[in-house]
Amino acid sequence: MADYPKDLLYHPEHDWARLDPAHPDVATLGITWYAQDSLGEVVFFDPPAVGTQVRQGEGYAEVESVKAVSDVIAPLSGEIVEVNDALGDAPEKINEDPYGDGWMVKVRCSDPSECDALLDADAYAAQLD
Amino acid sequence: MVAAASETLRRTALFDRHVAAGARLVPFAGWEMPVQYAGVREEHLAVRGHAGVFDVSHMGEVETRGPGAEAFLQRVLSNDVSKIPLGGAQYSVLCREDGGVLDDLFTYRLGENRYLTVTNAANHAKDLAWLRAHAGGFDVELADRLDDFAMLAVQGPDARALLAPLLGDGEELPARFRSVELHVAGVTALVCGTGYTGEDGVEILCAPADAGAVWDAVVAAGVVPAGLAARDTLRLEACFHLYGNDLMESRGPIEAGLGWCCKEATGFIGADAVAAVRAAGPAEQLVPFALIGPGIPRQGNPVLGGGVVTSGTFSPSLEQGIGMAYVPTERATAGAQLDIDVRGKHRPAVVKDKPLYRKDG
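Chains A and B, in that order, give the protein sequences. So for the first sequence, my numbering puts the first residue at 1; every next one is plus one. So for the second sequence, my numbering puts the first residue at 1; every next one is plus one.
For the record, the hints were derived by calculation from the structure and aren't laboratory data. Predicted model, so just to flag it, every value in this text is computed and none were measured.
Below, computed lysine-lysine pairings styled on DSSO-like, alpha-carbon distance capped at 27 Å:
{"#": "1", "chain 1": "A", "residue 1": "Lys-93", "chain 2": "A", "residue 2": "Lys-106"}
{"#": "2", "chain 1": "B", "residue 1": "Lys-345", "chain 2": "A", "residue 2": "Lys-106"}
{"#": "3", "chain 1": "A", "residue 1": "Lys-93", "chain 2": "B", "residue 2": "Lys-345"}
{"#": "4", "chain 1": "B", "residue 1": "Lys-263", "chain 2": "B", "residue 2": "Lys-354"}
Extracted from the complex, chain A is given alone in its bound form:
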């Protein structure tokens, strides 16, 4: 059921970012429980190439259910340094574990101050209602 972990930052377009205190310049990105539930069963994830520059608020990947395609919006700007290749064969992990095995990319953040524009879990959950 709906779950919005407290340790993540959220973009209102239903994306999350996890900042590892040990590597504060690299963020892990994915889509929220709400996003995957709205989309339905994910059957295809089209990742960006490592090295691609992404910008906060813009699409960086596509995720598709049987019925529809959706852009995945970057909550933070930066360079893609790693892609979750396991999603190629198992895109259903995005549904099953959106904050764990369903992570999508890691980004080297170009502007840490962008975090100020993101929402905490309570604020994100509140704007879903």
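With chain A held as given, fit chain B onto it using these hints.
This is chain B only, laid out in the frame that chain A set:
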């Protein structure tokens, strides 16, 4: 916004059951319809391997009756209506004078001079107006029966076995392309050996007030509720046309691959235009295709070098991107390579024979 929009949408007699079953409801052709229950893939595979039930009560019905019924339908429908036996069913298209396709339809012969034609929901009003406009000079009566019928499609390899115990004493389900009035779960219903999934099964038309009893009995028998999303993936694997995607007024039946249901000798409206295209050969043809690698084609994706995807999805049975596209005739043969522009990425594909999915592989 959603609440305001839904006030103007029509609901089928089974709406409350869909809500209770946890369906996701979406607007479709003016109706609030269940797009999925448990999940598209699960429902799709249930129909392929077992049995599923769809509420397709949004489909429209027009009854044609009277001494001139056959002659009138022969004039408007592309197929040879005189070939429909009593209790038979026939597929055809409704054409404009220029051969453009107004709708694709199943017509059931209920009696000597009595036929029931099932329309696509989005086309029902247009079809009815067209039929009425062309009925002059024929001794027929046309009746809009949209509000008189709910329609359930029970489809899948186990559909008939699960339905049989629900019938009245001594009653049997109709064979493929036959229809018969039966009692299903105690309810009087027109049961037709037709469907839109590529599986064996039937379609059940009954009074809306009776639909709940039929639905409950069918689901209790172990048939899985399935939504419009699974209906779409199933029909596309079977290469059945969807009006509005693969069929439209700007294209004719020959290019759509529906020449088999056009009998120009009957003199139907549009027959001359259809005959001309058949003789000259169409510039483009609708073909089924499968992507060779990853990706999912979607309606509107351009085909490089000419052509356009009219239906595309992820095939739960084949686990790959599939679709149908109009392509230049010289490339419309099985085995031809296509490149499809899927939102800027060129995805290689190969033209296939129909159907894309076949039970025996």
